[in-house]
Amino acid sequence: MRDIALKTLNLTKEFKRGIGSKPILSLQRLNLEVMRGEIFGYLGPNGAGKTTTFKILMGFIKPTEGRAWIFGRDIKDHRSRERVGFLPEQPYFHDHLRAEEFLKMHARLAGLSRREARERAAELLRLVGLERFRETRIGKFSRGMLQRIGIAQALVNDPDLLLLDEPMSGLDPIGRKQMRELILRLKSQGKTVIYSSHILSDVEAICDRVAILVGGKLIGQGKVEEVLGRERSDEIFVRRVGFWGGEAA
Amino acid sequence: MRRIGVIAINTVRECVRDKIFLNLLIFGALMIGVSILIGDLSIGQKGKFIKDIGLGAISIIGAITAILLSTGLIRREIDRKTIYSVIYRPMPRWNFLLGRYLGICLTIGLNVLIMSLIFFALLSIGRYGIQAGMFKAILMTYMELILIASIGLLLSLLLSSTPSVIFTASIYVAGHMTAELKGMASAAQSGIHRFFLGAIYYIFPNLEALNLRAEAAYGMTIDHLYLLKACLYALAYTVVVLTIAMWWFERGELG
Numbered sequence: 094m095r096d097i098a099l100k101t102l103n104l105t106k107e108f109k110r111g112i113g114s115k116p117i118l119s120l121q122r123l124n125l126e127v128m129r130g131e132i133f134g135y136l137g138p139n140g141a142g143k144t145t146t147f148k149i150l151m152g153f154i155k156p157t158e159g160r161a162w163i164f165g166r167d168i169k170d171h172r173s174r175e176r177v178g179f180l181p182e183q184p185y186f187h188d189h190l191r192a193e194e195f196l197k198m199h200a201r202l203a204g205l206s207r208r209e210a211r212e213r214a215a216e217l218l219r220l221v222g223l224e225r226f227r228e229t230r231i232g233k234f235s236r237g238m239l240q241r242i243g244i245a246q247a248l249v250n251d252p253d254l255l256l257l258d259e260p261m262s263g264l265d266p267i268g269r270k271q272m273r274e275l276i277l278r279l280k281s282q283g284k285t286v287i288y289s290s291h292i293l294s295d296v297e298a299i300c301d302r303v304a305i306l307v308g309g310k311l312i313g314q315g316k317v318e319e320v321l322g323r324e325r326s327d328e329i330f331v332r333r334v335g336f337w338g339g340e341a342a
Numbered sequence: 034m035r036r037i038g039v040i041a042i043n044t045v046r047e048c049v050r051d052k053i054f055l056n057l058l059i060f061g062a063l064m065i066g067v068s069i070l071i072g073d074l075s076i077g078q079k080g081k082f083i084k085d086i087g088l089g090a091i092s093i094i095g096a097i098t099a100i101l102l103s104t105g106l107i108r109r110e111i112d113r114k115t116i117y118s119v120i121y122r123p124m125p126r127w128n129f130l131l132g133r134y135l136g137i138c139l140t141i142g143l144n145v146l147i148m149s150l151i152f153f154a155l156l157s158i159g160r161y162g163i164q165a166g167m168f169k170a171i172l173m174t175y176m177e178l179i180l181i182a183s184i185g186l187l188l189s190l191l192l193s194s195t196p197s198v199i200f201t202a203s204i205y206v207a208g209h210m211t212a213e214l215k216g217m218a219s220a221a222q223s224g225i226h227r228f229f230l231g232a233i234y235y236i237f238p239n240l241e242a243l244n245l246r247a248e249a250a251y252g253m254t255i256d257h258l259y260l261l262k263a264c265l266y267a268l269a270y271t272v273v274v275l276t277i278a279m280w281w282f283e284r285g286e287l288g
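Protein sequence lines, in the order shown, are assigned to chains A and B. Per the working numbering, the first sequence runs over residues 94 to 342. Per the working numbering, the second sequence runs over residues 34 to 288.
Hints were generated in silico from the structure; no laboratory data involved. Careful: at least some of the hints might be erroneous.
[As the list claims (entries may be wrong)] In silico SDA-like links for lysine to any residue, alpha-carbon gap of 25 Å or less: (1) B:Lys-52 - A:Glu-228; (2) A:Lys-233 - B:Lys-114; (3) B:Lys-52 - A:His-189; (4) B:Lys-114 - A:Phe-226; (5) A:Lys-109 - B:Leu-190; (6) B:Lys-114 - A:Glu-228; (7) A:Lys-109 - B:Lys-52; (8) A:Lys-109 - B:Trp-280; (9) A:Lys-155 - B:Ser-203; (10) A:Lys-109 - A:Asn-124; (11) B:Lys-114 - A:Asn-139; (12) A:Lys-233 - A:Asp-253; (13) B:Lys-114 - A:Glu-297; (14) A:Lys-155 - B:Gly-288; (15) A:Lys-233 - B:Gly-105.
The structure presented is a predicted model; accordingly, all values stated were derived computationally and were not measured.
With the hints as constraints, model all of the structure from the sequences given.
Structure follows, in structure tokens:
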């Protein structure tokens, strides 16, 4: 357990609908193990249950069944998120705040002192290339800038585990390249990164291991070539996911 | 505790940067100003008329502010998903809710303070006199507003935006009619009506008990013990409602 950053055991989520309707099974007995210091790709088509998994891990929703641990601490305990940074799928942030205010607020929420928060905000604005926009309100940011400020808030507490939900979406090719470089840099600092995507090429280049989720079911977990084979491409991935999806249904 | 404070301060920042806050303040200032102008219509009662209208304006604008902020802030955060980036921080969820509530209370306090300063400035310029009772009436108005804000916050967790505004506003109105409700309950012919009206009387807050504006405008003495009891009543009611809201928020799903 010491080398495991994240573990889930039979994690299941059913969403109840109206009276008389069948509940939607969004996640079925998910068993994941992510080791410390690895980049872990969480792949699957839209609606596969990737965001649901992140929502459970971050305590937004409760699992119908199963358990999960972050660095050995049960996710029911809010302290399990002390060493975690999270980037939500759609980076909607507080429009009224200026970039620096926003990061300072997050730094304070993460437990930093006023002085540390000020220094950390300045450092992160430099890191994500938004230094010039420190006084700009977030409401005026483009999608790419929102993604960058989102990454900065996820890093504010210098986390050991980063959960990034579709971090590449909405980014142009340069932005995607920068994001890949940032993830690799975080790995070199010994951090664990779990990130979701529905695009294989975003994942295969940098991930140590991947898990593939289709229709709420885990259909494979391991090294990229073990799970997807050697001749991998987005087309093959789509075909296989389609096949597995059919098999899973 | 520090996290609650950070959320509260951010809430004030958010509220005062919202155009609605500024517009309501301007509208409140205009209402108080107009009371001076139309005060001439009242024969021999100009001072009392102005004080009555001024204190009423502080209360009404404060209530609109309290209802809109308390029902809108959390609901908007949930609907727009901005809540995700904050709520995953290592803190119990109720910290977030309490921080938001305290921020709303501070904003309402700022609103009441600015309008009161305008009111007192106009009274001083017009030499209408400022009595201690007015400060007491404004304090009780503030207690009333933080109470109604706690109800708005709770309803915003249970209902969507529009119904929560409508219900909170209805409770505000009904809270000022509790004496009438009690009278209607005792006069009701049917047992069900009597029970229903009686239940509303006991469940809804008695906001009229916190309304000392008429006494202040007419320069009547306000008993300190009454003031203390009324404050305690408002605080107790607020704590109960907030506890329910925090319990509900802690166990609910966000997404």
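Holds or violated: Lys-114 of chain B to Asn-139 of chain A, with C-alpha atoms at most 25 Å apart = Since the Cα atoms of Lys-114 of chain B and Asn-139 of chain A sit roughly 19 Å apart, the hinted pair holds (cutoff 25 Å).
Straight-line alpha-carbon gap Lys-114 of chain B to Phe-226 of chain A, limit 25 Å = holds (23 Å)
Do the alpha carbons of Lys-233 of chain A and Gly-105 of chain B lie within 25 Å of each other, as the hint requires?
-> holds (22 Å)
Proposed proximity, Gly-288 of chain B with Lys-155 of chain A (alpha carbon, max 25 Å) | holds (10 Å)
Pair hint outcome, Lys-114 of chain B versus Glu-297 of chain A [Cα-Cα no greater than 25 Å] = Violated, because 30 Å separates the two Cα atoms, which is more than 25 Å.
25 Å Cα cutoff - pair Lys-233 of chain A, Lys-114 of chain B = holds (18 Å)
Does the structure keep Lys-233 of chain A and Asp-253 of chain A at a Cα separation of 25 Å or less?
-> violated (31 Å)
For the pair supplied as a hint, Lys-155 of chain A and Ser-203 of chain B, is the alpha-carbon distance within the 25 Å limit?
-> Distance ~34 Å between Lys-155 of chain A and Ser-203 of chain B Cα, so the pair is violated.
Would you mind confirming whether the straight-line C-alpha gap from Lys-109 of chain A to Leu-190 of chain B stays at or under 25 Å?
-> holds (18 Å)
Would you check the hint for Lys-109 of chain A and Trp-280 of chain B, treating anything up to 25 Å between C-alpha atoms as holding?
-> The hint holds at about 21 Å.
Does His-189 of chain A lie within 25 Å of Lys-52 of chain B when you go C-alpha to C-alpha?
-> Answer holds: Lys-52 of chain B to His-189 of chain A is near 11 Å, not above 25 Å.
Restraint status (C-alpha distance of Lys-109 of chain A to Lys-52 of chain B at most 25 Å) | Violated: Lys-109 of chain A and Lys-52 of chain B sit about 38 Å apart, past 25 Å.
Checked against the numbered hints given earlier, the structure breaks hints 7, 9, 12 and 13 and satisfies all the rest.
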